[in-house]
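Read top to bottom, the protein sequences are chains B and Y.
Quick note: the first sequence uses the working numbering, first residue 1, plus one each step.
Quick note: the second sequence uses the working numbering, first residue 1, plus one each step.
Simulated from the structure, these hints should not be mistaken for lab results.
A hint or two may mislead.
If you want the footprint, here are the derived chain B segments under chain Y, 3+ residues with CB under 8 Å [stated by the list, open to error]: (1) 2-15; (2) 19-26; (3) 32-46; (4) 60-72; (5) 82-88; (6) 95-101.
A short, non-exhaustive set of chain Y residues, derived as facing chain B with CB atoms under 10 Å [stated by the list, open to error]: (7) A19; (8) W39; (9) A117.
Computed from a predicted structure; not experimentally measured.
Glycine is no exception: its CB is placed at the ideal position from the N, C-alpha and C atoms.
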Amino acid sequence: MTGTALWAAVLAGGLGCYLLKLAGLSVPAAWVEQPWVARVVDFVPAALLAALVAVQAATSGNHLVLDGRLVGLAVAAVALALRAPFVVVLVLAGAAGALAHVLGG
Amino acid sequence: MPSAARSATLRDAIGLGVAVGLYGAAFGAAAVAAGLNVWQTMTLSLLMFTGASQFALVGVLGAGGSALAAVGSALLLGTRNTVYGVRLVPLLRPRGVRRVAAAHWVIDETTAMSLAAPDRELGRLAFLATGATIYLGWNAMTVVGALGAAALSGTARAALDAVVPAAFLALLWPRLRRSFPEAAVQRRVAAGGAVVALALTPFVPAGVQVIAAVVAVALAGRPRPGARPTAQEEMP
Numbered sequence: 001m002t003g004t005a006l007w008a009a010v011l012a013g014g015l016g017c018y019l020l021k022l023a024g025l026s027v028p029a030a031w032v033e034q035p036w037v038a039r040v041v042d043f044v045p046a047a048l049l050a051a052l053v054a055v056q057a058a059t060s061g062n063h064l065v066l067d068g069r070l071v072g073l074a075v076a077a078v079a080l081a082l083r084a085p086f087v088v089v090l091v092l093a094g095a096a097g098a099l100a101h102v103l104g105g
Numbered sequence: 001m002p003s004a005a006r007s008a009t010l011r012d013a014i015g016l017g018v019a020v021g022l023y024g025a026a027f028g029a030a031a032v033a034a035g036l037n038v039w040q041t042m043t044l045s046l047l048m049f050t051g052a053s054q055f056a057l058v059g060v061l062g063a064g065g066s067a068l069a070a071v072g073s074a075l076l077l078g079t080r081n082t083v084y085g086v087r088l089v090p091l092l093r094p095r096g097v098r099r100v101a102a103a104h105w106v107i108d109e110t111t112a113m114s115l116a117a118p119d120r121e122l123g124r125l126a127f128l129a130t131g132a133t134i135y136l137g138w139n140a141m142t143v144v145g146a147l148g149a150a151a152l153s154g155t156a157r158a159a160l161d162a163v164v165p166a167a168f169l170a171l172l173w174p175r176l177r178r179s180f181p182e183a184a185v186q187r188r189v190a191a192g193g194a195v196v197a198l199a200l201t202p203f204v205p206a207g208v209q210v211i212a213a214v215v216a217v218a219l220a221g222r223p224r225p226g227a228r229p230t231a232q233e234e235m236p
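Bound-form chain B, shown alone (with noise of 0.2 Å):
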């Protein structure tokens, strides 16, 4: 992707993600909290949240992949459960990732 193209894609989700917040403050709140708004709105990040765990974790461009991101990803999931801060998950899994890295070769 060009230079240009990347640029755009910085300044136009930056300034979206600002107007986004911005109209929380803004509009009237009975807008907002119509009932369906209020559940896609719930719902949406989890959708979201999950796809972006199973394509950063499990793809490659167009293909299915299993590495270490997977093992990084199960550690992950392990210390999320025991309520370890989320820091102390984040290095766990990239230790994690490493390792498996490593004896992989």
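Since chain B is already given, all that's left is putting chain Y on it; use the hints.
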């Protein structure tokens, strides 16, 4: 206002700023690994300033996705900040320039800290203190991560590759906990989103499967018949 409560609020804000800063270093490194330059990476943290959307944008770009798919997934994740803003209005009562400025700091952490404060004055203090420490920590550590990424060896790169999905899982996790409203539905939606994304991966351009995963909300997001209604539905 008792000064003990003030200092407890400030202490929590600084602790959160440090923790989020470390995550910022991971973001800086991931963004450069995905093909952004240091200036683009810094601009994202300064301008977008909402971690999940930033990771989504660079994740999609790094996977070879189009700018449109990258921006789309960042915006979809950014919609929750709109709802946070609505919840913060009674607390902040922002007007004019202050509304324009306050909006930039409406994110997961500032909302959680403000709404958890025992009264309005502490809530405003929590918003400002958390917003300031996180903004500084996040942006400073983004630069550190971005500059450090060039020096990463193969093993450190593998560690970073494992950190990014783990970070998304850590953001997702609270929604799956039993204490979260409608946790069972959240879990179904999350499972559906992951399955849809993986199933589409071989067939669609990179990044599109992430956006397509929102169909899981329509498929799995309905309340089961007889399920307890949500707070919203109980309102007249």
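- prompt: Quick one, is the Y:A19 hint okay against chain B at 10 Å, beta carbons?
  reply: holds (5 Å)
task: Take the region 60-72 of chain B, compare each residue's beta carbon with every beta carbon of chain Y, and decide whether three or more fall closer than 8 Å.
output: holds (count 9)
message: Would the hint on Y:W39 be counted as holding, given a Cβ-Cβ threshold of 10 Å to chain B?
response: At 9 Å from the nearest chain B Cβ, Y:W39 passes the 10 Å test, so the hint holds.
message: Taking beta carbons only, do three or more residues of the region 19-26 of chain B come closer than 8 Å to chain Y?
response: holds (count 7)
- prompt: Does the region 95-101 of chain B contain three or more residues whose Cβ lies closer than 8 Å to a Cβ of chain Y?
  reply: Holds, because 6 residues of the region 95-101 of chain B bring their Cβ atoms closer than 8 Å to Cβ atoms of chain Y.
message: Just to be careful: measuring from the Cβ of Y:A117 to every Cβ in chain B, is the smallest value less than 10 Å?
response: With Cβ-Cβ at 18 Å, over 10 Å, it is violated.
message: Quick check: do three or more residues in the region 2-15 of chain B have a beta carbon closer than 8 Å to a beta carbon of chain Y?
response: holds (count 12)
message: Cut-off 8 Å, C-beta pairs, minimum 3 residues; does the coverage of the region 32-46 of chain B by chain Y stand?
response: Our answer is that it holds, as 12 residues pass the Cβ test (under 8 Å) against chain Y, meeting three.
query: Do at least three Cβ atoms from the region 82-88 of chain B come closer than 8 Å to Cβ atoms of chain Y?
result: With 3 residues close enough to chain Y, the hint holds.
Violated hints amount to a single one, hint 9; each of the other numbered hints is respected by the structure.
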